[in-house]
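J.: Top to bottom, those sequences are chains A, B and C. For the first sequence, the positions run 55 to 296 when this note's numbering is used. For the second sequence, the positions run 55 to 296 when this note's numbering is used. For the third sequence, the positions run 55 to 296 when this note's numbering is used.
Note that these hints are calculated values from the structure, not bench results. On a predicted model such as this, the values are computed, not experimentally measured, just so you know. One thing to keep in mind: the hints can contain errors.
When chains are identical, the list treats them as one kind, so a pair holds in a single copy or across two.
[Unchecked claim] Below, simulated SDA-like cross-link-like pairs (lysine to any residue); rule was C-alpha separation at most 25 Å, straight line:
#1 Lys-268 <-> Pro-164
#2 Lys-268 <-> Leu-244
#3 Lys-221 <-> Leu-191
#4 Lys-232 <-> Gly-194
#5 Lys-193 <-> Lys-232
#6 Lys-252 <-> Val-163
#7 Lys-252 <-> Gly-175
#8 Lys-252 <-> Gly-226
#9 Lys-232 <-> Ala-166
#10 Lys-232 <-> Ile-147
#11 Lys-221 <-> Glu-149
#12 Lys-268 <-> Cys-224
#13 Lys-232 <-> Ala-198
#14 Lys-193 <-> Leu-283
#15 Lys-193 <-> Arg-230
#16 Lys-232 <-> Ala-165
#17 Lys-221 <-> Asp-267
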Amino acid sequence: MRGVRGRAATDILPAWAFETGWRHWPPGARDGIGAMSRGALARDLRRVAGAAEVFFAKVKQQGGFAFPGRDLASPRRAACRHDDKENPMSNEIEERLQTLGLTLPDAPVPAANYVPYVLTGNTLYVSGQISMMDGELIKGKVGADLDVDQGAAAAMACALSLLAQVKAACGGDLTRLKRVVKLVGFVNSLGNFTDQPKVINGASDLMVAVLGDKGRHARSAVSAAALPLGVAVEIEGIFEVE
Amino acid sequence: MRGVRGRAATDILPAWAFETGWRHWPPGARDGIGAMSRGALARDLRRVAGAAEVFFAKVKQQGGFAFPGRDLASPRRAACRHDDKENPMSNEIEERLQTLGLTLPDAPVPAANYVPYVLTGNTLYVSGQISMMDGELIKGKVGADLDVDQGAAAAMACALSLLAQVKAACGGDLTRLKRVVKLVGFVNSLGNFTDQPKVINGASDLMVAVLGDKGRHARSAVSAAALPLGVAVEIEGIFEVE
Amino acid sequence: MRGVRGRAATDILPAWAFETGWRHWPPGARDGIGAMSRGALARDLRRVAGAAEVFFAKVKQQGGFAFPGRDLASPRRAACRHDDKENPMSNEIEERLQTLGLTLPDAPVPAANYVPYVLTGNTLYVSGQISMMDGELIKGKVGADLDVDQGAAAAMACALSLLAQVKAACGGDLTRLKRVVKLVGFVNSLGNFTDQPKVINGASDLMVAVLGDKGRHARSAVSAAALPLGVAVEIEGIFEVE
Numbered sequence: 055m056r057g058v059r060g061r062a063a064t065d066i067l068p069a070w071a072f073e074t075g076w077r078h079w080p081p082g083a084r085d086g087i088g089a090m091s092r093g094a095l096a097r098d099l100r101r102v103a104g105a106a107e108v109f110f111a112k113v114k115q116q117g118g119f120a121f122p123g124r125d126l127a128s129p130r131r132a133a134c135r136h137d138d139k140e141n142p143m144s145n146e147i148e149e150r151l152q153t154l155g156l157t158l159p160d161a162p163v164p165a166a167n168y169v170p171y172v173l174t175g176n177t178l179y180v181s182g183q184i185s186m187m188d189g190e191l192i193k194g195k196v197g198a199d200l201d202v203d204q205g206a207a208a209a210m211a212c213a214l215s216l217l218a219q220v221k222a223a224c225g226g227d228l229t230r231l232k233r234v235v236k237l238v239g240f241v242n243s244l245g246n247f248t249d250q251p252k253v254i255n256g257a258s259d260l261m262v263a264v265l266g267d268k269g270r271h272a273r274s275a276v277s278a279a280a281l282p283l284g285v286a287v288e289i290e291g292i293f294e295v296e
Numbered sequence: 055m056r057g058v059r060g061r062a063a064t065d066i067l068p069a070w071a072f073e074t075g076w077r078h079w080p081p082g083a084r085d086g087i088g089a090m091s092r093g094a095l096a097r098d099l100r101r102v103a104g105a106a107e108v109f110f111a112k113v114k115q116q117g118g119f120a121f122p123g124r125d126l127a128s129p130r131r132a133a134c135r136h137d138d139k140e141n142p143m144s145n146e147i148e149e150r151l152q153t154l155g156l157t158l159p160d161a162p163v164p165a166a167n168y169v170p171y172v173l174t175g176n177t178l179y180v181s182g183q184i185s186m187m188d189g190e191l192i193k194g195k196v197g198a199d200l201d202v203d204q205g206a207a208a209a210m211a212c213a214l215s216l217l218a219q220v221k222a223a224c225g226g227d228l229t230r231l232k233r234v235v236k237l238v239g240f241v242n243s244l245g246n247f248t249d250q251p252k253v254i255n256g257a258s259d260l261m262v263a264v265l266g267d268k269g270r271h272a273r274s275a276v277s278a279a280a281l282p283l284g285v286a287v288e289i290e291g292i293f294e295v296e
Numbered sequence: 055m056r057g058v059r060g061r062a063a064t065d066i067l068p069a070w071a072f073e074t075g076w077r078h079w080p081p082g083a084r085d086g087i088g089a090m091s092r093g094a095l096a097r098d099l100r101r102v103a104g105a106a107e108v109f110f111a112k113v114k115q116q117g118g119f120a121f122p123g124r125d126l127a128s129p130r131r132a133a134c135r136h137d138d139k140e141n142p143m144s145n146e147i148e149e150r151l152q153t154l155g156l157t158l159p160d161a162p163v164p165a166a167n168y169v170p171y172v173l174t175g176n177t178l179y180v181s182g183q184i185s186m187m188d189g190e191l192i193k194g195k196v197g198a199d200l201d202v203d204q205g206a207a208a209a210m211a212c213a214l215s216l217l218a219q220v221k222a223a224c225g226g227d228l229t230r231l232k233r234v235v236k237l238v239g240f241v242n243s244l245g246n247f248t249d250q251p252k253v254i255n256g257a258s259d260l261m262v263a264v265l266g267d268k269g270r271h272a273r274s275a276v277s278a279a280a281l282p283l284g285v286a287v288e289i290e291g292i293f294e295v296e
């Protein structure tokens, strides 16, 4: 599993992964394309949750950002929200977000003459979202200042912001999202970096973990010479809504 | 106001801004999203015109390009076209262009096996337009060879070329343009540049100054390691037409 | 003709170019936009074939990749497939591919949570295709490790992969492709490279050589600071299908 090399699974995986019969999932397996099995979803959930935990550990070491809606002092506990009854789940997507311990950030509004999204027909274009968590920018060159796992966490943060914009565009109802159509991911790196796909996988994995098959998308992953405010990752998206 | 720091407003703003009751507009204010007030439009007109004047001043110092359709020797006078009766205004968009003292360049035709635009359904895809004014390329790395204001002026030039292509695609009738859907702006910069949004604002501001609310768009702004012919900015666009 | 400077045409052009009455074509001519004449198509066929031969020569020197479906020991002979009767031609597009001596590669399937293409309405979004031939990556910085012609060959390889994905999306029937709408080409280069358009022309030329007028597209060509796995070129595409 990406991002958890050299640590026992029990040190990394959230408790709920062991409470729901997913323990014997074969490491290293990858999803095919097509109908998503319950097992595949489980793998994605664990991969994302694992990556998030690694991210939290590193961020804690660095005294860094709080993940939106999570308690940094006890990330495993915060991740284990599937038995939390205080928020009634409005739909399957919100449920998955909650199971993953993820909360969508506020949909950022640009301070300029452009807008967060434009809907034309059923196609929703969302502006490039920069890597930010809980209002703090995730900055640096991936491969130099940040390692690939940290870059993937930055891409996850972009994906959460994209979903927050989609939710805002859908009047708060994510069930109107029919499909993630395309993502273009820009990684802030030096000229010798070659792991753009692993970085942007952080966003792709999150989309599929949260949305299932409708989260699968076309994608490009490239390096930018530099990104706004020095952020590590910027991702724009095209979505089909109804 | 971007680009006019340290100079009195009367030194920078075109005369018409003082003849039309916009003098007491509060500096630093930014538009929200939504219906565009007359005051907001005024601010945009002035911001763009101010940026253009700064651009002209710098270009004059450097003995550089002529702005399309304007008299470099007297930019303020050239900008003050709202009382110019010799060209009948065909519609509100053309009127705004004229008020701003802007003239669309010829729509450049690529010398290769691609085309300036493709219309599919109501969606118009316009090829990346490189920063060029009156046939001369605006070259250099923003943040090194050009400062941010000059970069914003380069982005304005790209936006003018995009509009010229849209006009050509609409058979010369810009009233068929329903909406600017998305811009992707590539800034030619070194790896430590972080003001991509301020640069691409030159294009976003111009779109809104010329088109009003239908000029508001989704956007991504990133740095490219290098751009064709060494230009400072390249911007591509998606537009909804009818 | 790009890529064949300093060599006699008879040294470069495939034999079929001289057997079909195209010998007296004026070098340096470029197509306009609009209906494609037989002469224009001939020029494109020759330009692409010439670029491919130069590519083969260089690749052979370097002990490199085999071009998909072609015999490296005798590229001219392999290119001369128009008299090859063993494969019945299913349609005009397949016929042109065969005339050019080109074979579409297998449509690569990403090993991750994204997919090679997504169809929404009649619009097909194809993921960024990296430069690869016969399963081997074409790597390096264009302008440093590779020259512009080699970069154009890398872009041709990306275009072949894009067409392979379109064919897969169309259930194997390329006649369902109505139009190439837009390509975005990312060139792996240093900061002083300025020939991005000549590189991406490799893809644009191939699209028009294979598809005729429906191959003409809107386009952006920029440099990326770095690309996945160190490849020289990555190109994504939008297509209209029926």
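J.: Could you run down the list of hints and mark each one as holding or not?
T.: Hint check results:
For the identical chains of this complex, Lys-268 and Pro-164 are inter-copy neighbours only, at 16 Å across copies versus 27 Å inside a copy, given an alpha-carbon limit of 25 Å. Taking the closest pair of Cα atoms, Lys-268 and Leu-244 never come within 25 Å of each other, the shortest separation being 33 Å inside a single copy and 38 Å across copies. Taking the closest pair of Cα atoms, Lys-221 and Leu-191 come within 25 Å of each other only inside a single copy of the chain (22 Å); across copies the shortest separation is 39 Å, beyond that limit. In the homo-oligomer, the alpha carbons of Lys-232 and Gly-194 never lie at most 25 Å apart, since the shortest distance is 34 Å inside one protomer and 39 Å across protomers.
For the identical chains of this complex, Lys-193 and Lys-232 are neighbours neither inside a copy (32 Å) nor across copies (37 Å), given an alpha-carbon limit of 25 Å. For the identical chains of this complex, Lys-252 and Val-163 are inter-copy neighbours only, at 16 Å across copies versus 28 Å inside a copy, given an alpha-carbon limit of 25 Å. For the identical chains of this complex, Lys-252 and Gly-175 are neighbours neither inside a copy (33 Å) nor across copies (30 Å), given an alpha-carbon limit of 25 Å. In this assembly of identical chains, Lys-252 and Gly-226 lie within 25 Å of each other by CA distance neither inside one copy nor across copies; the values are 31 Å within and 30 Å between.
Taking the shortest alpha-carbon separations for Lys-232 and Ala-166, only the inter-copy value of 20 Å comes in at or below 25 Å, while the best intra-copy value is 29 Å. For the identical chains of this complex, Lys-232 and Ile-147 are intra-copy neighbours only, at 12 Å inside a copy versus 33 Å across copies, given an alpha-carbon limit of 25 Å. Taking the closest pair of Cα atoms, Lys-221 and Glu-149 come within 25 Å of each other only inside a single copy of the chain (14 Å); across copies the shortest separation is 38 Å, beyond that limit. For the identical chains of this complex, Lys-268 and Cys-224 are neighbours both inside a copy (16 Å) and across copies (20 Å), given an alpha-carbon limit of 25 Å.
For a Cα distance limit of 25 Å, the shortest separation of Lys-232 from Ala-198 qualifies neither inside one copy, at 37 Å, nor across copies, at 44 Å. In this homomeric assembly, Lys-193 and Leu-283 come within 25 Å of each other (Cα to Cα) both inside a single copy, at 8 Å, and across copies, at 23 Å. In the homo-oligomer, the alpha carbons of Lys-193 and Arg-230 never lie at most 25 Å apart, since the shortest distance is 33 Å inside one protomer and 42 Å across protomers. In this homomeric assembly, Lys-232 and Ala-165 come within 25 Å of each other (Cα to Cα) only across copies, at 23 Å, whereas the closest approach inside a single copy is 29 Å.
Taking the shortest alpha-carbon separations for Lys-221 and Asp-267, both the intra-copy value of 18 Å and the inter-copy value of 22 Å come in at or below 25 Å.
The earlier numbered hints that this structure contradicts are 2, 4, 5, 7, 8, 13, 15.
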